[in-house]
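K.L.:
Please arrange chain A on chain F, whose structure you already have, making use of the hints.
2 protein chains.
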Amino acid sequence: MLNTPYLLFLGDAADPLAAKVAQGVKDWRPEYSIGQYRLENCNADMGLDDLSIEQAVERGVKTLVVGVANRGGVISDQWISVFEQALDAGLDIASGLHNLLRDIPSLVEKAERQGRQLIDVRIPTVDYPIANGLQRQGKRCLAVGTDCSVGKMYTALAMEKNMRERGLKSTFRATGQTGILITGNGVPLDAVIADFMAGSIEHLTPPNDADHWDLIEGQGSLYHASYSGVTLALIHGGMPDALILCHEPTRDHMRGLPSYALPSLEELRDTALTLAKVVNPAVQVTGVSINTAAMGESEALAYLQEMENRLELPAVDPFRQGAGRLVDALLELDEPSSK
Amino acid sequence: MLNTPYLLFLGDAADPLAAKVAQGVKDWRPEYSIGQYRLENCNADMGLDDLSIEQAVERGVKTLVVGVANRGGVISDQWISVFEQALDAGLDIASGLHNLLRDIPSLVEKAERQGRQLIDVRIPTVDYPIANGLQRQGKRCLAVGTDCSVGKMYTALAMEKNMRERGLKSTFRATGQTGILITGNGVPLDAVIADFMAGSIEHLTPPNDADHWDLIEGQGSLYHASYSGVTLALIHGGMPDALILCHEPTRDHMRGLPSYALPSLEELRDTALTLAKVVNPAVQVTGVSINTAAMGESEALAYLQEMENRLELPAVDPFRQGAGRLVDALLELDEPSSK
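In order, the protein sequences belong to chains F and A.
For what it's worth, this note's numbering labels the leading residue of the first sequence as 1017, then goes sequentially.
For what it's worth, this note's numbering labels the leading residue of the second sequence as 1017, then goes sequentially.
Bound conformation, chain F alone (with noise of 0.2 Å):
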């Protein structure tokens, strides 16, 4: 989908935050990530080499990413500028903001002329099938959350590097927009017709290799209101072999929502496995990822211990520990004698 390698595009960020995606680009694909390209006024910084539009060319660029969040959802002038140059130095364009590049008439001309694309990675490209429900070779895990963004992607990236170090077959399926930039490909499934959700993530996860895992990026959380069916979708399209339970201990509520608790960790293990069997009735739930950034590490490793002991489970914190312990808890999956 994405022609790599990537320019990545931070503006003028108000923050460091504001340029996550770029983050999230070089902490997970750092051999995509040629170089950056920073206006005046940047706040953020991926420490990589800034580039001009033509060095970037030169370096065998292939791709602008816009890594940064634009501001009251303008994409201003001084930015479409950027953009046409690059368009004109024969790179593509790819963005996830809410505004589309499709939507700006100069810079539809120009990628015309060119032949280049501008690449709205919100939106679907592809006519999904319904989803037929068959089982299908090769192995998929699913992290599912008690909320919205407590870490689901990050616990999915991190369990395939770990699998990469160790020589292992695997496959991150990104599922939102953060998750397709990095890695150049996946399902904007926030952004599919209900339908065809389910299709999509067949469609995204197909058959493979007995001994391949596809580590599945989850979205939203079947005890969030807003999002719920999108999971659910999300579960019965994946059909994993194993679910990662994830979960942010300092939250007060749904996020959004704020008369909704969270969940805990137990009723999601429970629900999740009930509508993952539907598909799959092997599935297991085979670890824990918590996010305890908010937490020093006395504390956190306290809480992690906690959780091991409470649902006697790999608990662990991916940022702080890495995620092999989660990735041991598949492999011993594939090798029921040993259990």
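Think of the hints as simulated: they come from the structure by calculation, not from any bench.
Hints may contain errors.
[What the hints assert, rightly or not] Straight-line distance between alpha carbons at most 35 Å, and here's what the computed DSBU-like set of lysine-lysine pairs gives:
{"id": "1", "chain 1": "F", "residue 1": "K1042", "chain 2": "F", "residue 2": "K1177"}
{"id": "2", "chain 1": "A", "residue 1": "K1126", "chain 2": "F", "residue 2": "K1293"}
{"id": "3", "chain 1": "F", "residue 1": "K1126", "chain 2": "F", "residue 2": "K1078"}
{"id": "4", "chain 1": "A", "residue 1": "K1036", "chain 2": "A", "residue 2": "K1126"}
{"id": "5", "chain 1": "F", "residue 1": "K1155", "chain 2": "A", "residue 2": "K1293"}
{"id": "6", "chain 1": "A", "residue 1": "K1036", "chain 2": "A", "residue 2": "K1155"}
{"id": "7", "chain 1": "A", "residue 1": "K1042", "chain 2": "A", "residue 2": "K1078"}
{"id": "8", "chain 1": "A", "residue 1": "K1155", "chain 2": "F", "residue 2": "K1293"}
Just so you know, these numbers come straight off a predicted model, no measurement behind them.
P.N.:
Below, chain A alone, put in the same frame as chain F:
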């Protein structure tokens, strides 16, 4: 959304089943069903007056409703000719066909010239919000099924009819194309963008009188791998006070999924309740609706009695017995002291 009353277009229906949309309108909204329009070789008959377009206009008809499925996915020239006449005479045209009216240039041109509407009810026309999960006044009942096409729409329509006959405040809320054509409005949920599914159902079922019941048309099944996400969005967006379990007892496997068995009614009850309680902890399963069309009378009655004993809930086939007992159970919810 649709202007009433209707002229029901039966076209050259191959058999009565091909005209099931027209049958639904005639059965549930006889007051909208002024007449029928049939071509030669039509093998369906609603028992309504056969009217020309001109006669229909004289009788006050506002919309020609396409009440028949087209063969081979093609809207024939013969159909188009009738539709053109209808637009010329000042009627709107409403259709739930896969092939869209709006894709036929001669119809678009005539509709614009005459200031009439071409209404393809499969396509959403509203920008639905993201669900907010807020509690709202009024009561809501949702039919959930062990599978697709087990009688959920019929059950909700039969309950609405019974409540209206008893002078109770109620509204059937359509979530699919047939329901929308019958009632003149609703949400084509299977065509809504994933992120807005639950929000579209909140939009469909707004705050209402405290003693008003929305009877929400169910879609899909939590146990159907292709469509379960749609069902869960309906449960969370609809925030039901009461759930009716719907089932067709002679089905071998999930519709379109030969390798999937249907869940038991107990499994459906437990899973649907767990998920519905996320948004409304007070929700109850109040009844069971069984489609016994494939059974003889004594077999059907014995099966219903068995379900009633097993689930300790009123179990009826609303087609054979009416929906009165399902409505009685809703009213008992309103009077907690009587329990």
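K.L.:
Now, for every hint given, state plainly whether the structure supports it.
P.N.:
Here is what the structure says about each hint:
As the CA atoms of K1042(F) and K1177(F) are separated by approximately 13 Å, the hinted pair is consistent with the 35 Å bound. With a C-alpha separation of about 53 Å, the suggested pairing of K1126(A) with K1293(F) is violated against the 35 Å cut-off. For the hint linking K1126(F) to K1078(F), the alpha-carbon distance of about 16 Å falls within 35 Å, and the restraint holds. Between K1036(A) and K1126(A), the direct Cα distance comes to roughly 28 Å. Compliance with the 35 Å bound is thereby established for this hinted pair.
Among the hinted pairs, K1155(F) with K1293(A) is consistent with the structure: their alpha-carbon atoms are about 32 Å apart, no more than 35 Å. In summary, the hint linking K1036(A) to K1155(A) is supported, as the alpha carbons are separated by about 30 Å, within the 35 Å threshold. Annotation: proposed proximity of K1042(A) to K1078(A) holds, straight-line Cα distance about 16 Å (limit 35 Å). Only pairs whose Cα atoms come within 35 Å are accepted, and K1155(A) paired with K1293(F) is accepted, the gap being roughly 32 Å.
This entry does not satisfy hint 2, going by the numbered hints stated previously; all others are met.
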